[in-house]
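Peer 1: Heads up: the sequence lines are chains A and B, in that order. Numbering-wise, this note's numbering comes out as the position in the first sequence, counting from 1, plus 124. Numbering-wise, this note's numbering comes out as the position in the second sequence, counting from 1, plus 110.
Fair warning: there could be bad hints in the mix.
Okay, derived cross-link-like pairs now, DSSO-like style, lysine-lysine, Cα gap no bigger than 30 Å in a straight line [as the list claims (entries may be wrong)]:
#1 A:K243 to A:K268
#2 B:K149 to A:K268
#3 A:K268 to A:K150
#4 A:K262 to A:K243
#5 A:K268 to A:K141
#6 B:K280 to B:K249
#7 B:K149 to A:K243
#8 A:K262 to B:K149
#9 B:K149 to B:K249
If you want the ones that stay clear, here's a sample from chain B, every Cβ over 10 Å from chain A, calculated [claimed, not checked]:
#10 L188
#11 V190
#12 E258
#13 A383
#14 S455
#15 D458
#16 H483
#17 D486
#18 Q489
#19 Y490
#20 D493
#21 G501
Keep in mind that the hints were calculated from the coordinates and are not lab data. The beta-carbon is built from N, C-alpha and C at its ideal position, and this holds for glycine as well.
What follows is the residue order along each chain.
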Amino acid sequence: MSGLDSLYQQLILEHSKTRSGGDLAKLPAAATGTPGPGQGGTGQSHQLNPICGDEITLRLSLGTDGDGQAVTEIHWDGDGCAISMASASILSEMAPGMSPTSLRHTIDHFRELMRSRGKLEADEELLQDAAALAGVAKYPARVKCAMLAWVAAEDALRQAEAGQGVSQAL
Amino acid sequence: MTMVSTPARGDAQVSALDDDEVRRIRNDFPVLEQEINGKPLVYLDSGATSQNPRSVLEAEQEFYEQRNSAVHRGAHHLAVEATDAFEEARATVARFVGVQDDELIWTANATAGLNLLAYSFSNASVGRAAGDAGRFALKPGDEVLVTEMEHHANLIPWQELCRRTGASLKYIPLDDAGALRLEEAARLMTARTRILAFTHTSNVLGNINPVDVLVRMAREVGALVVLDACQSAPHLPLDFKALDVDFAVFSGHKMLGPTGIGAVYGRSELLNAMPPFLTGGSMITTVTMEEAHYLPAPQRFEAGTQAISQAVALAAAANYLSETGMHRIALREAELGQRLVTGLSAIDGVRVLGPGPGEERTGLAAFDVAGVHAHDVGQYLDDLGIAVRVGHHCAQPLHRRLGLSASTRASTYLYTTSEEVDLLVEAVAQIRPYFGVTAAGATS
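Just chain B, same shape as in the assembly (with noise of 0.2 Å):
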């Protein structure tokens, strides 16, 4: 439903990538032909962080071996190759998700994106507001507006802000199935509601959210929409544009990109009307003794040297998804997602949480097995090379929703197999049998 097609790619009759193609894709990932324990590895944590295409590995590469430099600064040849190479790595990046050039910033991650709008709404609140910069600042009465099944990355941000400023932090609860209750949400949402932020597809639940809806309440009161496409953004064709959403933030090592480098989208005037947050060189115009001006964004939001050679990574990734094809790519895993939640609720004792089979889910199941902890589980499973993510996923307040204070986690990518799937499904079948827990207790 929220699967926006973005014009440029949104050829109607497009398909699944089939395991053929699967199979291709996979010789250009080195760290996939590795065994761990004598077997095959099975890499179901692509929702933690992805791998890296040959592609990607030699863009950083040659970046370093030909135009290594420092970007817009110095006149030198190996400067303007490698601002050049900085800017087109922003372009690039900035069409993967629709969006101008200078509406994307880099940032170290979601996270780092996520505390940059936070710290930056607080500096105007404390007066750091030039012009228009005002309808940024937060006082006692103001409302953030959160979800239940928020990352820690887009929670505590709010949190601390709210208590910088005085301003109040909401949330719209979830149902017991882990939707967000949208009732809740039409009630939540105020004149007071100053921010809403919200994950596109929850890190737990592989479910996707109503972005259309969320948005069309916020812009009835007027408060600014924050999307964390985290998890987002590696498995759907996007487009903030056609989202409409004020801002969106991503992480580069969850798209088949390198550590270390992500981005901020935020709509043109707003990011110029905004106070910087992290100061200092290649962000300015003219600095005094006395005080500075600041450069318009994306500049304005990226003091100090950047992550050049990441960034120019991450294009490839943005490139090499390109290639394949989102769509193709999203309803691939939207199969291998209902691969996984059909096979894991089919097993006695295993409870998937979020969507169930037949409803909408991207290709990542997180799930709990009766009478063993997520923990148990994963070691379970790694010893048949099979790795997948387990805890709380930096999701607490979702996991004392659901009652549980950990889960199992499987996910998905363009190079998962349709038999790595089976192979998770048939391991966590034999868990109970090994940990000798009875039928007794079905769920907990």
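Same shape as in the complex, but just chain A (with noise of 0.2 Å):
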């Protein structure tokens, strides 16, 4: 596979296309960082990448599930790259049941990948469809339009937890 092909797989270029999650636009505005349903939080953030002014705006929501807290849903709203919007559209069907651990320790090996400069292997167990984007990491210039998704759902996770913790203190 050429290195250009690497880059834009087809798994990649058909979440570009299709867009999973990428519908915040058509839902309401939602209060974040306050306890939604249950023991849950919502998170909302916005993140731009002034060099090529790829943004997005993504909400996570955060709910019971059995065992402990989990990723409920992920919307987002966004402009941008393939790479840009396929890696928020695998993010968003991914996290929903994974707890925030869990979540946080896979936003933290995507970007110890990225930034890697194609020298780590990427956990395909852990990254599912992500791991399709492991070639960005040869691409120094890409790898923001990569972590764009990534870095506002660590954000928002964290926001939609403090509302939980805001939750707990009530």
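Build the complex: two chains, separate frames, hints provided.
Peer 2: Listed below in structure tokens is the structure:
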């Protein structure tokens, strides 16, 4: 597979068009950082890459899922290149059901992989479809594109948990 | 229309550089010899920064090896040699743009030049106005007029100047094709207009603005005219005196010179009435613990040790361009610009910004590929060894006006071959199929 084809794998091109979770603009605004139904909270984060103008607004909700807290849903709205849009789509498909700890762990591994300049192997079990983005690591100028949604999710998760903290304090 | 010829070089019968000459020129540019991803480099990003011929690289090295010293101080032999080289460089570059030596101020680049002007006017506005400097002072009710197509460097310094002085910033809007709406310009130009700042040629549209028309409007209302010549100085024969602007700025690295050097042109009587911006060594006559008196221009605006070797190298670049012939370069690039716009416009789903085929355009074309983000377009081209610029090109308001957040820009120079333009056009034609974008939605 050529360098370009490993960057733009079919899975990535498909996600960049289908954009799972990319329906935030159609949803009503939600109160963020405040407790949602049950034990959950919601966080929303806007991230911008000033170099290329890519941007994303991502909303993440936490709820209870049997054993404990888990991501219930991710919705986002964004404008950007195939890599940033596919990355957001993949993340919003894989994150629901994950505990905050597990999501944070996944984000950390993804960031490490992206910054490795191609020297690190993707943990495919952990990253699932996002492992297809491993090729981005060889293109340092594109790493921020791939990271955009993940940075937004990390920030939104923090806010959602802060909301939950408030809930527990009450 | 604004390709004004200088008397010294205004020979009537000049022809465009031809392909054979361009091939010979390329031998002077070592960086162009390399391969990217196993393919010959196709450098179509000269609008961002140009490449350097050997004579420029050698001029800088020769200066450091034989004449390096501080200038305008010290009486030793090297100091004299360095000062001569520095001032000869100024004379060469001044001649290149048709102005007197003492009307050319060295700056780091065009951005620094525009900030120099804005901050000098700012200083005049807070009372640093000796003698005639009151004419540069802005106050509430005054207006600075720019255009909607400006590079951020010719927008933000004026926004900030207005914020500091209470003056208002107005802009000449564009029509849907990206051309200045001159009827609006006429309406906006009033007795309140103190400064008109606009670009000679847009770094996104590749158009050439009607300097003569705008200068005439500004003169009627007594406004000072600032010309951003960053994209014209490298590509068109220029004579700032003939263009009749009060100030102009340009960058060395876009015209075969090194980074870190550029210049401001200002009419002599204006420069000598303006308060300084950066202050310190080398720009004073007498200094007491309480105050300082300043040298006339250009030293008045050149505080601290200057980019001496870069100035020397920029002069070598100006010589290289003059010897090649700016008229011939401009004609050649106009041909390449037409080749670009004609080839790209014919591709399904590709929209070229700015003038259409057959309309006046420099060797630059920014375009949108429907359904494919500019970053992905650039990545696809890079894989083929083709270097272009992607993004908003420091012109967000212009892109917003054209309904885009980003575009892809190809820009030529005197070393660009026709084959390179064709390679780009052929590659762009493959992009929508590669990304699986169907023919639906021809333009976005």
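Peer 1: Work down the list of hints and note, for each, if the structure agrees.
Peer 2: Quick rundown of the hints versus the structure:
| no. | hint | result |
| --- | --- | --- |
| 1 | A:K243 to A:K268 | holds (17 Å) |
| 2 | B:K149 to A:K268 | holds (27 Å) |
| 3 | A:K268 to A:K150 | holds (26 Å) |
| 4 | A:K262 to A:K243 | holds (9 Å) |
| 5 | A:K268 to A:K141 | holds (19 Å) |
| 6 | B:K280 to B:K249 | holds (15 Å) |
| 7 | B:K149 to A:K243 | holds (25 Å) |
| 8 | A:K262 to B:K149 | holds (18 Å) |
| 9 | B:K149 to B:K249 | violated (57 Å) |
| 10 | L188 | holds (43 Å) |
| 11 | V190 | holds (46 Å) |
| 12 | E258 | holds (18 Å) |
| 13 | A383 | holds (38 Å) |
| 14 | S455 | holds (23 Å) |
| 15 | D458 | holds (18 Å) |
| 16 | H483 | violated (4 Å) |
| 17 | D486 | violated (5 Å) |
| 18 | Q489 | violated (7 Å) |
| 19 | Y490 | violated (7 Å) |
| 20 | D493 | violated (4 Å) |
| 21 | G501 | violated (5 Å) |
The structure fails hints 9, 16, 17, 18, 19, 20 and 21 (numbered hints given earlier, in ascending order).
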